[in-house]
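Q: Assemble the whole structure, with the sequences as input and the hints as a guide.
Sequence order for the protein chains is A and B.
Those letters in the first sequence? Residues 1 to 556, per the numbering used here, in order.
Those letters in the second sequence? Residues 1 to 347, per the numbering used here, in order.
Be aware that one or more of the hints could be misleading.
[Stated by the list, open to error] Computed list of lysine-lysine pairs in DSS-like fashion (alpha-carbon distance at most 25 Å, straight line):
#1 B:K110 / A:K263
#2 B:K36 / B:K110
#3 B:K25 / A:K263
#4 A:K237 / B:K110
#5 A:K476 / A:K451
#6 B:K25 / A:K451
#7 A:K31 / A:K263
#8 A:K263 / B:K47
#9 B:K36 / A:K36
#10 A:K451 / A:K139
[To be verified] From the structure, some residues in chain A lie toward chain B, with a derived Cβ separation under 8 Å:
#11 I37
#12 V181
#13 P244
#14 T423
Hints listed in this document are in silico derivations from the structure and should not be mistaken for laboratory results.
The beta-carbon is built from N, C-alpha and C at its ideal position, and this holds for glycine as well.
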Amino acid sequence: MSTTTKYTPKTATGRIANFVDERTGGSAMVKEFGRKIFPDHWSFMFGEVALYTFVLLLISGTFLTFFFDPSMTHVIYDGSYNPLKGIGMSAAYSSSLDISFDIRGGLFMRQVHHWSALLFVAAVSVHMLRVFFTGAFRKPRELNWVVGGVLLILAMAAGFTGYSLPDDLLSGNGLRIIDGVMKSIPVVGTYLSFFLFGGEFPGTAVIPRLYSLHIMIVPAIILLMVGLHLFMVVVHKHTQYPGPGRTNDNVVGFPVGPVYAAKAGGFFFIVFGIVAFISGFFTINPIWNYGPYDPSPVSAGTQPDWYIGWVDGALRLMPGMIGNFSFEWVIPFPWGWNTLSLNVLLPALVPAGIIFTLMFTWPWIERWLTKDNREHHLLDRPRNAPFRTAVGVAGVVSYCVMWAAASSDLIATHFHVSLNDVTYWLRTLFIVGPILGFVLARRIALSLQRKDREIVLHGREAGIIEMSPEGGFSEKHEDLDVYQQYHLATFEDRKVIPAQPDAAGHISRKEKRRGALSKFFFEDRVAPVTPSELAAAKAAHGHAEIEGSEQDSIGH
Amino acid sequence: MGDHSHGSPDDSGTVAKAGTGTLDKFQDPGLPPHRKRLADTDPRAEKRAERQVALLFIISIIGTLSFFIAYFVLGRPDSLSEIRVQNSMLGLGTTFAMLGIGIGIVHWAKVLMPDHEVSEMRHAIRPEADRQDAEDIINQVIEETGIKRRPLIRNTLIGAIALAPVPAIFMFRDLEGSGKTAGQLIEQLRHTMWAKDVRLTRDPSGTPIKAADVQIGSVFHVIPEGLNETEDPLNEKAKAVVLLMRLDPTQMNVSPGREDWNVDGIVAYSKICTHVGCPVALYEQQTHHLLCPCHQSTFDLTNECKVIFGPAGRPLPQLPIAVDSNGFLVAQSDFQEPVGPSYWERG
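A: This is the structure:
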């Protein structure tokens, strides 16, 4: 017999809870999570949007699987869309048309699915930008950043496999591009293409194969990764923006029950509502306009879905020949000649390789550079980490240039400019843009920091103009309250860490490189205001030179 | 856990303060004081908020009902415009159904549920003691396997594990199910349906083309005769499709060996871009340029489709053509090189 007193529920809710608890041990969960604190900030919602659009994708996708026939069997269309009646096409395309025209609400579900997918990748991307620019990826969250990066790649994979399924003209041409890119891979590429398409392009096997990937493997891995991602969020607890009362050791926010649950849960319905509105009024992927896939026709102004645009854009930016120099190399080997098609291989793999490598390794690069192995739970305002912000902006610019290049033809036709000129400009921007972005972003971040400094030292402009007895005009400045002061004057102050000798007193080459990079990134910095500086500034009438005695701010 | 809603700015009870005077840094003033909402102080405002939330939920109910109206009243639409109307109505119904619930709940949370922020301490991700225990356990496990003392077992195991997945990779070989050898597969890429005396026919009707029908400035989309009767018409078409145009012979630069590949300025070129294989479907009659709409590779027809812009690295392959005794255009042979995107074994 147990000697501990047995708990007896007193309310109806208690009795139900007790029933579940006796079988699952759920009360520990409720105790742990029921009042767990989540910090609140509008920028934290992008991750939520990603999660909710993924749920929408599962719901609408399940509906679509009931009606979609993933087969490339040749059929003659006999549905209610007159312009295509009697035309031969694959069963996949035919059933996509049926979903659009002969299943009530089918078109709506297709639209919800496609729009959710576009929004899903967008939300994942913006969420990652938020995490990057605020430094949320720092220890202990590096692994979760990697999981997030994997999720981004999976989101793109899910999108592209789905894009190809309806087997319309546009998606078929998309696959043709995949075929061409695969074939450019040395040694194994040709076989990879043969294996994917079950023989020569296009064959009759690729749609069912992409279907398996699209509805089972990719979403299953995404679900697994989402689970892992959220598990780690629970382990680490959420980050928070710095501010009065918010330290590295606490979490300030709303408890899950009821406030956060209501806000987050309600937000799901808001996301659903907005997707439903877009789906009802803005047509995406009108496959009936494109016709069935046929290797001969193609429509002008072909566009991939937005998240693949940057890869397609890179393909467009790369010149095939410069003058008479061809990027297609025919290399002599003892057994004969082999072709290396660098004009396809370089743009298809190298920019993506660089962006993803930098993305995945950045937490470690930054840790090595700053020699900072502490745990971070407080976020940086982007302006307070000018070097990181600048690197991020350079990355965003190069991405956007490639992305814009995917619409070079539409830019040319809409703005009545030469297509070739658009491409030449974008090629130039691809080289110059990231550098320009880096310099500008760093300067803007530094000047915003200086503005913060000035506000702390001088107070805010009160909008009251005073006339002195001598007739001079001046504006009154109002002191900040302690909260605003703390908000603006407290941030992580990163200084240059010069190359350090090791135990034997020797400075390794790697350490020298680190020192040089550290100098490059942190030489120009704006120091946070200290109380003594503020006191000095006030003593000098509150109108002292901002960069007073201790000249510690921007370098040149 | 602290609740600062009753605290003062200087003593919200949530933050441990650092020792003063030790660092020249601003002291954390703690959470700002909690500001009460109108609904917290004014019962009328509270009632109003309650009604607002209820109204939003009612809007949701109306939204769901209008979804059903769109679904049943509009029935099964059979024209494109009716489908568009139904799609918009279903969308609008769902929008209201969802936004009503969503905005209602969020409004409820924001206006009526407690809105003071709460502070909670973080815990160490892993206690030091556990870490020591875990390390001991792992060492013990490794010790008991004896793997350190038996390098032979270790090394053969590594070898076996490294090799074991390789068959799985080779299983994918059968994704290409024709049973052809690698050489046969590659050979397939070199050939199209075109051969001596195969007629050039219109795409997609398959009617043959007379040389006399081809005017200067006109363009024909061409497939080999009999393509639609083959086993895999799309596979054949993806290689064999051709563009046919007529140029003023004086405008053409013909390289040695290709003099008889055209018929009085009628030329035929592969339509499959040498970049990644999209159809090169745009013909600019004035400049005699062919343009791929996918990646904008531009080929100059007057110079045997040499690349003049864009990512393609090779000219479009030319199909040698002739006229048969009936005046129809026919191929002299297959293409002299593989068509479409480059591949490693292309040579």
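Q: Starting from K451 of chain A, check that the Cα of K139 of chain A is at most 25 Å away, please.
A: violated (30 Å)
Q: Is the Cα-Cα distance between K263 of chain A and K47 of chain B 25 Å or less?
A: holds (20 Å)
Q: With a cut-off of 8 Å on the beta carbons, see whether T423 of chain A makes it to chain B.
A: holds (7 Å)
Q: Are the Cα positions of K476 of chain A and K451 of chain A separated by 25 Å at most?
A: holds (17 Å)
Q: CA of K25 of chain B to CA of K451 of chain A, is that 25 Å or under?
A: holds (19 Å)
Q: Check whether the Cα positions of K36 of chain B and K36 of chain A lie no farther apart than 25 Å.
A: holds (23 Å)
Q: Using 8 Å as the Cβ threshold, decide whether V181 of chain A counts as touching chain B.
A: Because about 6 Å separates V181 of chain A from the closest Cβ in chain B, which is inside the 8 Å limit, the hint holds.
Q: Taking 25 Å as the top limit, are the C-alpha atoms of K110 of chain B and K263 of chain A close enough?
A: Answer holds: K110 of chain B to K263 of chain A is near 8 Å, not above 25 Å.
Q: Is the Cα-Cα distance between K25 of chain B and K263 of chain A 25 Å or less?
A: Since the Cα atoms of K25 of chain B and K263 of chain A sit roughly 36 Å apart, the hinted pair is violated (cutoff 25 Å).
Q: Given the hinted pair K31 of chain A and K263 of chain A, is their alpha-carbon gap at most 25 Å?
A: holds (20 Å)
Q: Given the hint that K36 of chain B pairs with K110 of chain B, test it: the Cα-Cα distance must not exceed 25 Å.
A: The hint holds at about 12 Å.
Q: Quickly compare the C-alpha distance for K237 of chain A and K110 of chain B to 25 Å and report which way the hint goes.
A: holds (23 Å)
Hint compliance for this structure: hints 3 and 10 are not met, and every other hint is.
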